[in-house]
Amino acid sequence: MNFKVLKYVVTVAEEKSFTRAAKRLAISQPSLSQNIQGLEVALGVSLFDRKCMPLTLTYAGKLYVEWAKQILLSESQVERRISTISKDQSLRLVVGIAPHRSPLMLPKIIGNLAAEFPDCSIVIEDGLIEEALYEKVYNHEIDLLVGDTQPDTIRFKNIPVTEERILLAVPSSYKINGFDTINEKDSNPRIHLDQLRDWPFITLGIKTYLGAALRRLCEQEEFLPINKIECNSVATAHLLVSRGIGITIIPELFIRLSPPLLNIDYFIIERSDPHRTMSIIYRNGDDLMNPAKRFIELFMEMYHKKSPERPIS
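This note's numbering applies: residue 768 is where the sequence shown begins, and numbers increase by one.
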């Protein structure tokens, strides 16, 4: 495949003139015409209707130019990617992360990364709920995503970091009795979700993982939560629980990394005991830049398989 001739054909199609195309390409017009005529002979069709002014594409020419543009675009993308991988200068790393995780998990890691790669521009994409970030990874708008393990292993590569429980956060003022700790691995009392059917809940948006999870858990116990308040922020829901407004579910790691809040009791959900695995996710088949590889190393050093050492209270 001769990329030079592909560029010649596309340029002539855009300029609708051999003369203007030759000037733009900085070659002689006879040389340009000769190259395209040679291609047309090899293909056995004419790509341009030379009887029309300005120059127009034949039907075969339209198909060929459409294909050529896709090939040239792919070539350009590969060249940019290889250039980025081959040198650690003028780099740009985009990290996606849910807003409730970003302020708790990234500052130290990003600080270390910025010191190690002073020429790397780091962008933190943390203004969207996690469910909106996956397509940005696939479309190369995000290089790495810290999020829940992605089941689509055809499009995405997961590097598991840690598994965490999803706990119930209940205002202490509700005076709800849980069960005693069942085994040594449990760090918090257990409770049947059915016990809470008559209490108000703070629910997260249905499009969020936690919002959908809470609704599924309640459905299993055959009741709908009394929806006192709905929000999309885990941090906001947590604060509202501390004010005695309602019950919600909170990731265990979020509780451990956040400043402690008073007036909250945390329970393991009996029977279902939901867990989720946090992973670093990127598009399957991508070659990672050195800053991206180092981010993964730093993140794993800090959070990989960290287990609770004391009950959350």
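These are computed hints drawn from the structure, not numbers from a lab. Worth double-checking, as some hints may not be accurate.
Straight-line distance between alpha carbons at most 35 Å, and here's what the computed DSBU-like set of lysine-lysine pairs gives [stated by the list, open to error]: (1) K942 <-> K924; (2) K924 <-> K903; (3) K783 <-> K818; (4) K903 <-> K836; (5) K836 <-> K942.
Label-pair distances were calculated between CB atoms; the ranges are [unchecked claim]: (6) D1053 <-> Q962: 13 to 23 Å; (7) L1055 <-> N1030: 38 to 48 Å; (8) S1000 <-> T823: 48 to 58 Å; (9) K903 <-> D1040: 26 to 36 Å; (10) T920 <-> Y941: 20 to 30 Å; (11) Y826 <-> M1069: 53 to 63 Å.
Idealized CB from N, CA, C, for every residue including glycine.
Right, here's what the structure says about each hint:
The hinted pair formed by K942 and K924 fails the criterion: a straight-line CA distance of about 44 Å is larger than 35 Å. Using a Cα cut-off of 35 Å, the hinted pair K924 and K903 holds, with the two alpha carbons roughly 14 Å apart. Restraint check for K783 and K818: satisfied, since their Cα atoms lie roughly 12 Å apart, inside the 35 Å limit. With a C-alpha separation of about 24 Å, the suggested pairing of K903 with K836 holds against the 35 Å cut-off.
Note on K836 and K942: the hinted pairing is violated, with a Cα-Cα distance of about 67 Å set against a maximum of 35 Å. Separated by about 47 Å at the C-beta atoms, D1053 and Q962 break the suggested range of 13 to 23 Å. For the pair L1055 and N1030, the supplied restraint of 38 to 48 Å holds, since their beta-carbon distance comes to about 44 Å. In this structure the hint that S1000 and T823 lie 48 to 58 Å apart at CB holds, the actual value being about 57 Å.
Our hint of 26 to 36 Å for K903 and D1040 holds, since their Cβ atoms are close to 32 Å apart. Distance hint for T920 and Y941: a CB-CB separation of about 42 Å, inconsistent with the stated range 20 to 30 Å. In this structure the supplied range 53 to 63 Å holds for Y826 paired with M1069, their Cβ-Cβ distance being about 60 Å.
When held up to the earlier numbered hints, the structure conflicts with 1, 5, 6, 10 and fits the remainder.
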